[in-house]
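Undergrad: One-letter residues, chain by chain:
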Amino acid sequence: MGEVLLELRGVRKYFPVTKGLILAKVSAWIKAVDGVDFSVIKGKTFGLVGESGCGKTTTAKLILLLEMPTNGSILFLGKDTQRLSKLELKDYRASVQAVFQDPYSSLSPRMRVKDIINEPMVANNWLPPRDSYERVIELLECVGLDVSMANLYPFELSGGQRQRVAIARALALNPKLIILDEPVSALDVSIRAQIVNLLKDLQEKLGLAYMLIAHDLALVKHMSTQISVMYLGKIVEVSLSDELYANPLHPYTQALFSAILPLTPDQQKEGIVLPGEVPSPLNPPSGCRFHPRCSNARPICQELEPISNEITPGHSVACHLY
Amino acid sequence: MTKSGREILKVSNLKTYFFTRSGIVKAVDGVSFSLREGETVGLVGESGCGKSMTALSILRLVPQPAGRIVEGKILLDGENLLEKSEREMRKIRGKKISMILQDPMSSLNPVYTVGDQVGETIRIHQKLKGARLVTKIKEALHLVRIPSPEVRMRDYPHQMSGGMRQRVIGAIALSCQPRVLIADEPTTSLDVTIQAQYLTLLKEVQQAMNVSIIFITHDFSVVARMCDVVLVMYAGKIVESARVRELFNNPIHPYTIALLRSVPRLEAKIEKLSAINGQPPPLLNPPDGCRFVPRCPESITSCQHTDPPMVAVGQNHHVSCWRVKQL
Numbered sequence: 001m002g003e004v005l006l007e008l009r010g011v012r013k014y015f016p017v018t019k020g021l022i023l024a025k026v027s028a029w030i031k032a033v034d035g036v037d038f039s040v041i042k043g044k045t046f047g048l049v050g051e052s053g054c055g056k057t058t059t060a061k062l063i064l065l066l067e068m069p070t071n072g073s074i075l076f077l078g079k080d081t082q083r084l085s086k087l088e089l090k091d092y093r094a095s096v097q098a099v100f101q102d103p104y105s106s107l108s109p110r111m112r113v114k115d116i117i118n119e120p121m122v123a124n125n126w127l128p129p130r131d132s133y134e135r136v137i138e139l140l141e142c143v144g145l146d147v148s149m150a151n152l153y154p155f156e157l158s159g160g161q162r163q164r165v166a167i168a169r170a171l172a173l174n175p176k177l178i179i180l181d182e183p184v185s186a187l188d189v190s191i192r193a194q195i196v197n198l199l200k201d202l203q204e205k206l207g208l209a210y211m212l213i214a215h216d217l218a219l220v221k222h223m224s225t226q227i228s229v230m231y232l233g234k235i236v237e238v239s240l241s242d243e244l245y246a247n248p249l250h251p252y253t254q255a256l257f258s259a260i261l262p263l264t265p266d267q268q269k270e271g272i273v274l275p276g277e278v279p280s281p282l283n284p285p286s287g288c289r290f291h292p293r294c295s296n297a298r299p300i301c302q303e304l305e306p307i308s309n310e311i312t313p314g315h316s317v318a319c320h321l322y
Numbered sequence: 001m002t003k004s005g006r007e008i009l010k011v012s013n014l015k016t017y018f019f020t021r022s023g024i025v026k027a028v029d030g031v032s033f034s035l036r037e038g039e040t041v042g043l044v045g046e047s048g049c050g051k052s053m054t055a056l057s058i059l060r061l062v063p064q065p066a067g068r069i070v071e072g073k074i075l076l077d078g079e080n081l082l083e084k085s086e087r088e089m090r091k092i093r094g095k096k097i098s099m100i101l102q103d104p105m106s107s108l109n110p111v112y113t114v115g116d117q118v119g120e121t122i123r124i125h126q127k128l129k130g131a132r133l134v135t136k137i138k139e140a141l142h143l144v145r146i147p148s149p150e151v152r153m154r155d156y157p158h159q160m161s162g163g164m165r166q167r168v169i170g171a172i173a174l175s176c177q178p179r180v181l182i183a184d185e186p187t188t189s190l191d192v193t194i195q196a197q198y199l200t201l202l203k204e205v206q207q208a209m210n211v212s213i214i215f216i217t218h219d220f221s222v223v224a225r226m227c228d229v230v231l232v233m234y235a236g237k238i239v240e241s242a243r244v245r246e247l248f249n250n251p252i253h254p255y256t257i258a259l260l261r262s263v264p265r266l267e268a269k270i271e272k273l274s275a276i277n278g279q280p281p282p283l284l285n286p287p288d289g290c291r292f293v294p295r296c297p298e299s300i301t302s303c304q305h306t307d308p309p310m311v312a313v314g315q316n317h318h319v320s321c322w323r324v325k326q327l
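So the protein lines, in turn, are chains A and B. Per the numbering used here, the very first residue in the first sequence carries number 1; after that it's consecutive. Per the numbering used here, the very first residue in the second sequence carries number 1; after that it's consecutive.
Just so you know, the hints here were simulated from the structure itself, not pulled from any lab data. Careful: at least some of the hints might be erroneous.
Pair ranges (Cβ atoms, derived) [unchecked claim]:
| # | chain 1 | residue 1 | chain 2 | residue 2 | range |
| --- | --- | --- | --- | --- | --- |
| 1 | B | Pro294 | A | Met68 | 45 to 51 Å |
| 2 | B | Pro147 | A | Ser295 | 17 to 23 Å |
| 3 | A | Ser295 | B | Ser148 | 53 to 59 Å |
| 4 | B | Ile257 | A | Ala246 | 24 to 30 Å |
| 5 | A | Phe155 | B | Arg245 | 23 to 29 Å |
| 6 | A | Ser105 | B | Pro294 | 24 to 30 Å |
| 7 | B | Thr188 | A | Gln82 | 45 to 51 Å |
No experiment lies behind these values; they were computed from the predicted model shown. For each residue, glycine too, the CB sits at the ideal point set by N, CA and C.
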């Protein structure tokens, strides 16, 4: 499969729910991410799918070291990110970058495009200012923007152009991994394909690894080599993307696929419409977290939490049915 | 699917312009379509193409004073809404035509209970109060499958999930048995599984009440699921209109074709999506000619100068493109 770039081992993140203002007491824990294992391969795309509130973004924040895991470890090229020296940490932050959903709020409105792209290089004392300006131009060309845009402010750009600036900024420090958190869902339909194509081209050219977080399964399948499906803080199924589409095993994955509306009116299928909604992570159901919404639930599902099982090589599922 | 109900709403040559300091923004520029009883018409397009403004024009809720409906007719059961007084319009909004907005969090009032908000419409239009009002509220909530309505009607919006809130909005919109329901991207802010639930519900309610729906969306898969007739809008104009099956099987306008192609599909393995170059044009002082020209792969000289007229290319299939006329 290739070299493992990033590995998550049993990562958990619990947020305390406190009561009282002074001398606050912890009354409960929100288990946002509850024991997640996966690895991202060099130069490949790892897709993470799930509904809102399932812990996708928290996972991304943990990888970016914006949150510290309650438990478990995140390894980058075999090294534990929590035990990095100051210098190594700086290196790590440069190698892992992010592109966020909304390019309207992720770019500073008071900075020019060139300064936005330059900022990571300045912050990391990379290049003297004159050289870095050449690098800015190189980056602008790299993401398909005109060099004349360097002097504009974000408000003068369209959504698609802004997202290109955000991508250029992420590329500035020659990262190895870029976390894409819903990179196109805030963009117009006709612009989305442009950005998706750009991301794919850049990956090929620069050998980048992506971790793609999205709720649009068709997009995730189009971009990823490997997909994992998350539900309420846990990964319920991991597989190669074609295999997952051809042979989804977990009832939740099956429901997610059938909730996707067909693109033509001729193939109207009556899919599985899941009853109910995602329960609160404050008080997740016992046993398998999906059992209240699952049509195949058996008594054991209420009591025992299923462990992830490898069914075929590279395809694991956490479900009592298998 | 070939229902031929009575024509309820007819919009002809609607033009809504915004008069700003820097010039005239032609947000809606000559839109015509009609809506039959029990039918769903889909308005598809990118943000800023005028689909929401078309909806607001029908309800006469165009932001004042910059926005104005400068031309056109909107006939509801033969009566022109543009000639109504504001007082008369108030009796129409929420009763004959109602609307579901995109974001259920911002369209509900956080300081009133859900029951109060559903009741408001019923109280105003049907002049009910007391126990009869409560029964009606429960009925409305029951219609959109909110479990135990007598309990949930005392909840505040923040106590409900996104899907439930959007159902409450549906209950408000449908409480007075409107003839026309305008749904403006009702599922965009919902999760995929909740979207599937909501669309199924909307279809069932539509069949039960025989209401006509104008469905505004940018998502072709939602169109495929929900609509009978599709209107594709680009930069304030309708560029193609057809029955849903015809549009998907035989799209003609280059914009429609490009949009349909640019979406990743689950079944197909494609290495590269075919993207549409460039961006939607600004609507401020738009140039003459077809507005899709700068992005069109197949433009010819006549596209630059004059706007192409709508021509029929098949039964109920109309396209506005110069190349079609030449064929």
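Undergrad: Does each hint fit the structure? Answer for all of them.
TA: Each hint, compared with the structure:
1. B/Pro294 - A/Met68: 45 to 51 Å: 49 Å, holds
2. B/Pro147 - A/Ser295: 17 to 23 Å: Check passed, 18 Å falls within 17 to 23 Å.
3. A/Ser295 - B/Ser148: 53 to 59 Å: 23 Å, violated
4. B/Ile257 - A/Ala246: 24 to 30 Å: 29 Å, holds
5. A/Phe155 - B/Arg245: 23 to 29 Å: 42 Å, violated
6. A/Ser105 - B/Pro294: 24 to 30 Å: Distance hint for A/Ser105, B/Pro294 holds at roughly 29 Å.
7. B/Thr188 - A/Gln82: 45 to 51 Å: 39 Å, violated
Hints 3, 5 and 7 from the list above are not met by this structure, while the remaining hints are.
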